[in-house]
Amino acid sequence: MFDLITNRDSNVKNDVLSGITVALALVPEAVAFAFVAGVEPMIGLYAAFMMGLITSAIGGRPGMISGATGAMAVVMVALVAQHGVQYLFAAVILAGLLQILCGIFKLGKFIRLVPYPVMLGFVNGLAIVIFLAQLGQFKVVSALGQLEWMQGSMLYWMLGLVALTMAIIYLLPKLTTAVPASLVAIVTVTAMVHGLDLEARTVIDFVRDLLPEAQKASATLAGELPTFAIPMVPFTWETVMIVLPTSIILCLVGLIESLLTLSLIDEMTDTRGRGNKECVGQGVANTVNGFFGGMGGCAMIGQSMININSGGRGRLSGITAALVLLAFILFAAPLIEMIPLAALVGVMFVVVIATFEWASFRIIRGVNKEDAFVLFLVTAVTVIADLAIAVVVGVIVSALVFAWKHARHIEVKSHIDNDDWKVYDLEGPLFFGSVSHFKDLFDIANDPEHVVIDFKESRIWDSSGIDALDTLADKYEQQGKKLHIRHISDECRNLLRKADKFVEINVNEDPRYRVATDKLA
15 MFDLITNRDS
25 NVKNDVLSGI
35 TVALALVPEA
45 VAFAFVAGVE
55 PMIGLYAAFM
65 MGLITSAIGG
75 RPGMISGATG
85 AMAVVMVALV
95 AQHGVQYLFA
105 AVILAGLLQI
115 LCGIFKLGKF
125 IRLVPYPVML
135 GFVNGLAIVI
145 FLAQLGQFKV
155 VSALGQLEWM
165 QGSMLYWMLG
175 LVALTMAIIY
185 LLPKLTTAVP
195 ASLVAIVTVT
205 AMVHGLDLEA
215 RTVIDFVRDL
225 LPEAQKASAT
235 LAGELPTFAI
245 PMVPFTWETV
255 MIVLPTSIIL
265 CLVGLIESLL
275 TLSLIDEMTD
285 TRGRGNKECV
295 GQGVANTVNG
305 FFGGMGGCAM
315 IGQSMININS
325 GGRGRLSGIT
335 AALVLLAFIL
345 FAAPLIEMIP
355 LAALVGVMFV
365 VVIATFEWAS
375 FRIIRGVNKE
385 DAFVLFLVTA
395 VTVIADLAIA
405 VVVGVIVSAL
415 VFAWKHARHI
425 EVKSHIDNDD
435 WKVYDLEGPL
445 FFGSVSHFKD
455 LFDIANDPEH
465 VVIDFKESRI
475 WDSSGIDALD
485 TLADKYEQQG
495 KKLHIRHISD
505 ECRNLLRKAD
515 KFVEINVNED
525 PRYRVATDKL
535 A
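Counting from 15, one number per residue, gives the positions in the sequence shown under the numbering used here.
These aren't lab readings, by the way, just hints derived from the structure by calculation. Since this is a predicted model, take the numbers as computed values, not measurements. Note that the Cβ used here is the ideal one computed from N, Cα and C, for glycine as well. One or more hints might be untrue.
Only pairs whose alpha carbons sit at most 30 Å apart, straight line, appear in this in silico BS3-like list of lysine-lysine [to be verified]:
1) 188 <-> 27
2) 419 <-> 436
3) 419 <-> 453
4) 496 <-> 427
Label-pair ranges, simulated between beta-carbon atoms [as the list claims (entries may be wrong)]:
5) 250 <-> 450: 47 to 57 Å
6) 115 <-> 349: 34 to 44 Å
7) 433 <-> 394: 57 to 67 Å
Turn these sequences into a full structure, and let the hints steer you where they fit.
What follows is the structure, given as structure tokens:
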């Protein structure tokens, strides 16, 4: 519909202009997530600057934008409320160190275990979350101090300016792609609002609404360079135990969101990022955050989509966004404060449209009902809870569905060979899910003295399968019969304990493959 995602090669002009656009959109997001975490706005802005700069410079996915995120902010709020912001800085440092270890030990590869329906649910869920988050911009503080929906001319102007922003983003690329349409839209709407003195809320109005009444008059986004400081917490084991649970969750949430966003950008740009390197980049960025007064963060799918949509492909785009954001904080806070919220909301609405996988509705009609259920489940959990829980739930449900399906695919065909031995030709995987059915496939009481199980068309996938063979061997032995097992791998033979003496070795025909078990040294 909007034809926003293209595979344009990286170049300096596109990266710089795209970075400026991203920087403008980062400001209200960073401020909002800082308040979600219960910290001052500048801590969120510092986090956006440091996360964006470091991950763009040393991370594994050029073009991806990192900063303070809502997914991590909701994890921080309890620690901040109970122990204070200094403990948050310590938790962010520890989370960063854990992420570095994940990268060093190459754990980023496990993102490949996320099934496609889970990926679709993640994308659609985040698109919905981004959309719902923008609805908060349509509320104002009433005279009683309560948030209420806009009414009257203020609402009409808000809707009109949002529509104008989206129209510019849609139409401008048809005329020229020399500059990012999002940047032109923001500048145009800002000039119109202040030139015509329209009734429109700005970024500084949003900040004031979040502050106590006594601080509203002095509200500003101006700040100084972040400074190095060791978190002021006791260096004791008790402190470690306080921050460790939060650090582990921050580590996992940050890596899951970052690696899934990396995979999404890979697909959109037809390129390949480096997951383990991104783990290290995220870890270094969070560690630095903790020492320089930032709240930490991870990849931001909304800002990453703005960057990709605007032509940003290289590391320079993220570096530019971070440096421009810092310049805003140091020198140009008044300019950022005057940007209408409607312009930023319009940009984010376009991101929602471009991010949502509209083809999933068409895909649902063609996939099985189990995959459709997983897609909707992950989408719903992402909206109701958070991304990390949604992905974990989706992977677990997908694994259970897979196990259930394949548990029904094991069967045998039996025949009597020339030696009057009964041969069971096993078909299908033998694993924990199919063990129960496997045990019912054999007629132990009526079988002849010699029985053969042929694994030529089957495999043993885990220790549950080995144990099932052990049990079956015992039952045949109790009946005074001999069980012969053919065509299994060396690893399986080594794992067979009671059934080992029944294995008939066939070196020329036996396959070789690995078994998922912790018994192999």
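These are the hints, each one checked on the structure:
1. 188 <-> 27: holds, 19 Å
2. 419 <-> 436: Given that 30 Å is the threshold and the Cα spacing comes to 29 Å, the pair holds.
3. 419 <-> 453: Cα-Cα ~18 Å, so holds.
4. 496 <-> 427: holds, 19 Å
5. 250 <-> 450: 47 to 57 Å: holds, 51 Å
6. 115 <-> 349: 34 to 44 Å: holds, 41 Å
7. 433 <-> 394: 57 to 67 Å: Once the Cβ atoms are compared, 59 Å apart, the range 57 to 67 Å for residue 394 and residue 433 holds.
In the structure shown, no violation is registered for any of the earlier numbered hints.
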